[in-house]
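Novice: Single-letter residue listing:
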Amino acid sequence: MHAWAGKILRVDLSEREYDIEDLDPYFAKMYIGAQGTATRILYDEVDPTIDALGEENKLIFSTGALVGTGAVTGIRSVWAAKSPLTGGIAFSNVGGYFPAEVKFAGYDMIIFEGIADDPVMLWIDDDEIEIMDADHLWGKDVFETEDIIKSEIDDPWKAMDTRIASIGPAGENLVKIAAIMSDKHRAAARCGIGAVMGSKNLKAVVAHGTKDVSVAVPEAFNKSVNAALGAIRASERASKVFPAYGSAGLVNFYNEVGLLPHMNFKKMALPEAHKISGQAVADGYLIRNQGCFSCPMSCGGPAEVKEGPFEGVSHRPEYETHALMGPNCGIYDPEALLKGNNECNRLGIDTMDMACQVSCAMELYEEGHLPESDAGMKLNFGNGEALVTLIQQTAYREGLGELIAEGGATLAEKYGQPDLFIGVKKMGYAGYDARNAYGMALGVVTSTRGGCHCRAYTLVREALAHAFGPKEMAVDPVSMQGKAEMLMMMQNMQTALVDCAGFCQFSMSGQPPPLLFPQLATATGVNYTMPEVVINGERIWNLQKMFNLKAGITKADDVLPKRLREEPATAGPGKGKNPDVETMLKYYYMLRGWDEEGVPTPQKLAELGLEGQGL
Amino acid sequence: MQVEVKMFMKFRKYLPPDSKNDMAVITLEEGATLLDLRAALGIPPDEHGGTVIDGVAYPEDSVHKLKDGDSVGFFASVAGG
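Taken in sequence, the protein lines are chains A and B.
The numbering used here puts the first residue of the first sequence at 1, with every later residue one more than the last.
The numbering used here puts the first residue of the second sequence at 1, with every later residue one more than the last.
Keep in mind the hints are simulated off the structure, nothing from the lab.
The structure presented is a predicted model; accordingly, all values stated were derived computationally and were not measured.
Wrong hints could be hidden among the right ones.
Stated by the list, open to error - Below, a list of computed lysine-lysine pairs in the DSSO-like style, where the Cα atoms sit at most 30 Å apart: (1) LYS65(B) - LYS575(A); (2) LYS20(B) - LYS266(A); (3) LYS414(A) - LYS562(A).
Stated by the list, open to error - Chain A regions said to be covered by chain B (calculated; three or more residues, Cβ under 8 Å): (4) 66 to 73; (5) 232 to 238; (6) 454 to 466; (7) 569 to 575.
From the three backbone atoms N, C-alpha and C, an ideal C-beta is built for every residue, glycine too.
I would like the entire structure built from these sequences, with the hints used as guidance.
Specialist: This is the structure we're talking about:
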């Protein structure tokens, strides 16, 4: 096989044994990699009704097909399982360097089964596999864990090349918004995937690899890589603006068009946003750029607060963290944001869900539902020190953190206001106000993993194309016309061609799909056509939907938060209106070949080669 | 008429001297378009980017007519999410 390593490492934590299996070429072709291959294995091997934190759940690390090939941004991979947060399918995307080491060691996937009786870590050094005791690491935060493991490697050069994925105290304490962190600051953040790792007593996975990853048609592959690199270099957006400001370069623009949420989605388009924008962090705090493996864009990097209560070196936050931990918590101090981001990374918590819980807590407090005596502190919007305290409490399940750690509306329900948790399927809502982009509203509601924006970035057409082109791509952000078709096509294509292949979604600003496809085809040697790849995405999407339906997640869960349905937009193109997601949803189900309840029909499943997989 | 401009990223260098908070008020003739505003600010045609006028995004070459009191933001082409 080319591109794929051709091997799956299956680890039985209960028995402390492992097996190495062959990756079936037909399976690889159909499900490509990352969330695709992980979805099919979860679907076949995990009963969707089990306890996500029990012995029967499986935790899968699955690399994108192109990881390690040198494809442009070919690094993205997933951690997958049944989610303890949503109860449905979980797959949390991550970049950095860890996935490449796993591939260089010779594995496309690692499947963890069972529960270790004591804390362990998995050590992978090419063909040497060892399940080692990790008692000395349990209780350590993510940064300490990586430092200790690296300090135990005698050869300093090898230590540098060794990459680690681990959980912090949040994952150990089964916090349902815990992340799996790698390379210290790269997060597989969403779905509570870190709690699954914690439930298995698996503290860390350490990978070091020296094997080659081959490509099928080297000359054509190199040509396709050079074409993509040339396009990125020629794009001011991809080669200059994005590295300079990161994804948080969007903050000011989205604030102006009413997409940036403020104060738990109560307000929009407030001038204070500029104080906490990507521009503000780049101007005042960024030390240098730092990229992921095989990426010419390098949007990350360390950022330092030199003095004061939030002093320390952090990592530049992404747009979502800016939006949700900043303005959506009424916080306009970039130093509080940097500290909050760092605490989440250090303790192993998803910044997005954490911030959604904090903004909810702040509104509960300000509206008089959550008394100061319960909070143990003032919890007013804008209180950066309260943000940091709540993150720490959540990791250790202390104080309000005990409620926040359960995720979803648990905290809001305790204080009688479940609708003040802004989320979908118990997952905190992404940082885009649905009232100014109806395609994104439908996208977040139909995402198979919860309140997530990552499955189809419709804002490329609903917002960015209006200002930055191409003009022919621009669509009315607050019209329902054509949104279901656009969304479905983007979901299918992005799933297969971007996520499963292992490309970074951010890179699409410089290398659009016509430049991605040749890299996938020439590296794998699979004689794909574009439509075949898109159908692969549709098949994966339908399997994820079936997993969720079997887990009990239904049409009743495909619903926009009440605030976004009923309280009209106060600014932006949708001012005075709300999206009618229910109407769009009916059409979306029909286009997908699903019945009125959102269940894939037997005909649709048969068309996708999934006969007999219905409810 | 007068419009408020908000300059972001590379467009900050086109702010009139003594501007504060990356903002300025620019006086234009009635009926002026976005292109006229770019010219008044000295933004060359090859300095590409997008604009937002009172919450709605427009391309850099828009002939959209401005009105008194408009707020206009200038942005370099951004991406991500």
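Novice: Hint by hint, note whether the structure agrees.
Specialist: Right, here's what the structure says about each hint:
no. : hint                  : verdict
1   : LYS65(B) - LYS575(A)  : 21 Å, holds
2   : LYS20(B) - LYS266(A)  : 29 Å, holds
3   : LYS414(A) - LYS562(A) : 18 Å, holds
4   : 66 to 73              : violated (count 0)
5   : 232 to 238            : holds (count 3)
6   : 454 to 466            : holds (count 6)
7   : 569 to 575            : holds (count 4)
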